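In the order they appear, the protein sequences are chains A and B. Converting from the first sequence to this note's numbering requires adding 9 to each position, the first position being numbered 1. Converting from the second sequence to this note's numbering requires adding 275 to each position, the first position being numbered 1.
Be careful, since some hints might not be right.
Computed beta-carbon distance windows for the label pairs [said to hold, decoys possible]:
1. Glu356(B) to Ala15(A): 28 to 38 Å
2. Arg372(B) to Ser12(A): 37 to 47 Å
3. Ala15(A) to Ala409(B): 42 to 52 Å
4. Asp365(B) to Asp31(A): 18 to 28 Å
5. Arg412(B) to Ala15(A): 27 to 37 Å
6. Ser357(B) to Glu18(A): 36 to 46 Å
7. Leu410(B) to Arg37(A): 16 to 26 Å
8. Ser12(A) to Pro285(B): 36 to 46 Å
9. Ser12(A) to Ser402(B): 37 to 47 Å
10. Ala15(A) to Ala371(B): 19 to 29 Å
11. Ala15(A) to Gly480(B): 38 to 48 Å
12. Arg37(A) to Glu368(B): 43 to 53 Å
13. Glu368(B) to Glu18(A): 22 to 32 Å
Take a look, some chain B residues computed to stay more than 12 Å from chain A by CB distance [said to hold, decoys possible]:
14. Leu280
15. Gly299
16. Ala320
17. Glu321
18. Arg327
19. Ala332
20. Ala362
21. Glu369
22. Gly384
23. Ala409
24. Arg415
25. Arg421
26. Arg440
27. Arg443
28. Ala454
29. Arg482
The hints are simulated quantities; they were obtained by calculation from the structure and are not laboratory data. Note that the coordinates shown come from a computational prediction; the quantities given were computed from them, not determined experimentally. Backbone N, C-alpha and C fix where the C-beta goes; we use that ideal spot for every residue, glycine too.
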Amino acid sequence: MNSRAALDERVSLVELVDRVLDRGVVLRGDVTISVAGVDLVYLQLHLLLSGVEALGRKDPTPLPGPGDA
Amino acid sequence: MGLYLYCVGPAGTPAPDGLEGVDGHAVDCLDLAGLRLWVSDMGPAEPATVERVRAHAGVVEAASARITPLPMRYGQWFETESALRAALEDRREELARSLAQVRDALEFGVRVVDPEARRDAPPDGTSGRAYLEALARREREAAKARERGQRVAEALGAFLGGLVRAQRVRDGGADTLVAIDHLVARHDTGNYRRRIEEFPEREAGLRFFFTGPWPPYGFVDEEA
Chain A
10 MNSRAALDER VSLVELVDRV LDRGVVLRGD VTISVAGVDL VYLQLHLLLS GVEALGRKDP
70 TPLPGPGDA
Chain B
276 MGLYLYCVGP AGTPAPDGLE GVDGHAVDCL DLAGLRLWVS DMGPAEPATV ERVRAHAGVV
336 EAASARITPL PMRYGQWFET ESALRAALED RREELARSLA QVRDALEFGV RVVDPEARRD
396 APPDGTSGRA YLEALARRER EAAKARERGQ RVAEALGAFL GGLVRAQRVR DGGADTLVAI
456 DHLVARHDTG NYRRRIEEFP EREAGLRFFF TGPWPPYGFV DEEA
């Protein structure tokens with residue numbers, strides 16, 4: 010997988026984790042969920058984003074197709 | 276054991292068939308308080324992992340095939356059916372409002388990154404005035420980035436016009452200038468995709484990452 014595809018995949022994963030763990034309806038506010046291994050996602054995103062500049066600026070990332078997200 | 280809740284939708288929407296959820300638990304549909312619920316009969320949710328997050332999202336996505344449900348946040352578990360019913364009835368009006376807002380719509384995400392931005396730590400080994408000046412400089416840069424993120428979000432919203440039913444702006448963290456969610460009617464998703472791909476040309480120097488469609492996680496009141 011090239012770095013661009015890896016970056017796109019990582020961004021999709023971070024977007025997914027953000028949604029499922031930090032948004033959505035909370036019916037029970039007293040449920041405490043610990044997170045195992047998810048902080049790693051953010052660390053990896055940070056590392057990948059640091060390489061964004063090298064990918065070129067005039068080439069916007071296309072929308073993933075259905076089911077890619 | 277208890278009921279783990281993935282999402283709620285209008286009563287009468289089709290049930291999933293042979294679907295597996297968190298930790299491989301079977302997913303069933305349950306009609307309660309005038310809503311259709313996607314649930315698993317299981318104990319309390321274990322700590323979140325990427326695999327469990329994907330499993331939760333997979334059920335919500337399956338439920339979103341024909342209708343737009345309200346996704347739950349990971350970990351919503353109830354010891355008994357009556358406890359779940361009571362929680363739903365307590366929030367009946369808010370849930371109905373949220374369901375009406377997301378009806379026949381899906382969510383798209385836009386993450387905007389400024390490759391030039393650097394969130395460097397203050398210099399090591401310095402003290403006193405130099406250290407405080409470095410902190411102040413970093414805070415000024417962060418404030419400018421937030422303002423720029425807001426401007427980009429507003430410009431994008433204006434560019435998309437009526438293709439967006441609602442927009443929410445959030446701090447994306449991790450070197451992200453701004454993260455934006457759009458709620459888009461299902462019949463407009465093709466036009467939305469085509470239109471938004473034209474926008475990055477207007478914002479030289481920024482990188483745009485588009486994701487979606489998603490179930491509308493960002494367009495429910497958290498304490499619905």
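Hint-by-hint comparison with the structure:
{"no.": "1", "hint": "Glu356(B) to Ala15(A): 28 to 38 Å", "verdict": "violated, 44 Å"}
{"no.": "2", "hint": "Arg372(B) to Ser12(A): 37 to 47 Å", "verdict": "holds, 44 Å"}
{"no.": "3", "hint": "Ala15(A) to Ala409(B): 42 to 52 Å", "verdict": "violated, 33 Å"}
{"no.": "4", "hint": "Asp365(B) to Asp31(A): 18 to 28 Å", "verdict": "holds, 23 Å"}
{"no.": "5", "hint": "Arg412(B) to Ala15(A): 27 to 37 Å", "verdict": "holds, 33 Å"}
{"no.": "6", "hint": "Ser357(B) to Glu18(A): 36 to 46 Å", "verdict": "holds, 42 Å"}
{"no.": "7", "hint": "Leu410(B) to Arg37(A): 16 to 26 Å", "verdict": "violated, 39 Å"}
{"no.": "8", "hint": "Ser12(A) to Pro285(B): 36 to 46 Å", "verdict": "holds, 43 Å"}
{"no.": "9", "hint": "Ser12(A) to Ser402(B): 37 to 47 Å", "verdict": "holds, 39 Å"}
{"no.": "10", "hint": "Ala15(A) to Ala371(B): 19 to 29 Å", "verdict": "violated, 42 Å"}
{"no.": "11", "hint": "Ala15(A) to Gly480(B): 38 to 48 Å", "verdict": "violated, 23 Å"}
{"no.": "12", "hint": "Arg37(A) to Glu368(B): 43 to 53 Å", "verdict": "violated, 18 Å"}
{"no.": "13", "hint": "Glu368(B) to Glu18(A): 22 to 32 Å", "verdict": "violated, 40 Å"}
{"no.": "14", "hint": "Leu280", "verdict": "violated, 7 Å"}
{"no.": "15", "hint": "Gly299", "verdict": "holds, 17 Å"}
{"no.": "16", "hint": "Ala320", "verdict": "violated, 6 Å"}
{"no.": "17", "hint": "Glu321", "verdict": "violated, 8 Å"}
{"no.": "18", "hint": "Arg327", "verdict": "violated, 9 Å"}
{"no.": "19", "hint": "Ala332", "verdict": "violated, 5 Å"}
{"no.": "20", "hint": "Ala362", "verdict": "violated, 4 Å"}
{"no.": "21", "hint": "Glu369", "verdict": "violated, 9 Å"}
{"no.": "22", "hint": "Gly384", "verdict": "violated, 5 Å"}
{"no.": "23", "hint": "Ala409", "verdict": "holds, 20 Å"}
{"no.": "24", "hint": "Arg415", "verdict": "holds, 22 Å"}
{"no.": "25", "hint": "Arg421", "verdict": "holds, 18 Å"}
{"no.": "26", "hint": "Arg440", "verdict": "holds, 17 Å"}
{"no.": "27", "hint": "Arg443", "verdict": "violated, 9 Å"}
{"no.": "28", "hint": "Ala454", "verdict": "violated, 8 Å"}
{"no.": "29", "hint": "Arg482", "verdict": "violated, 5 Å"}
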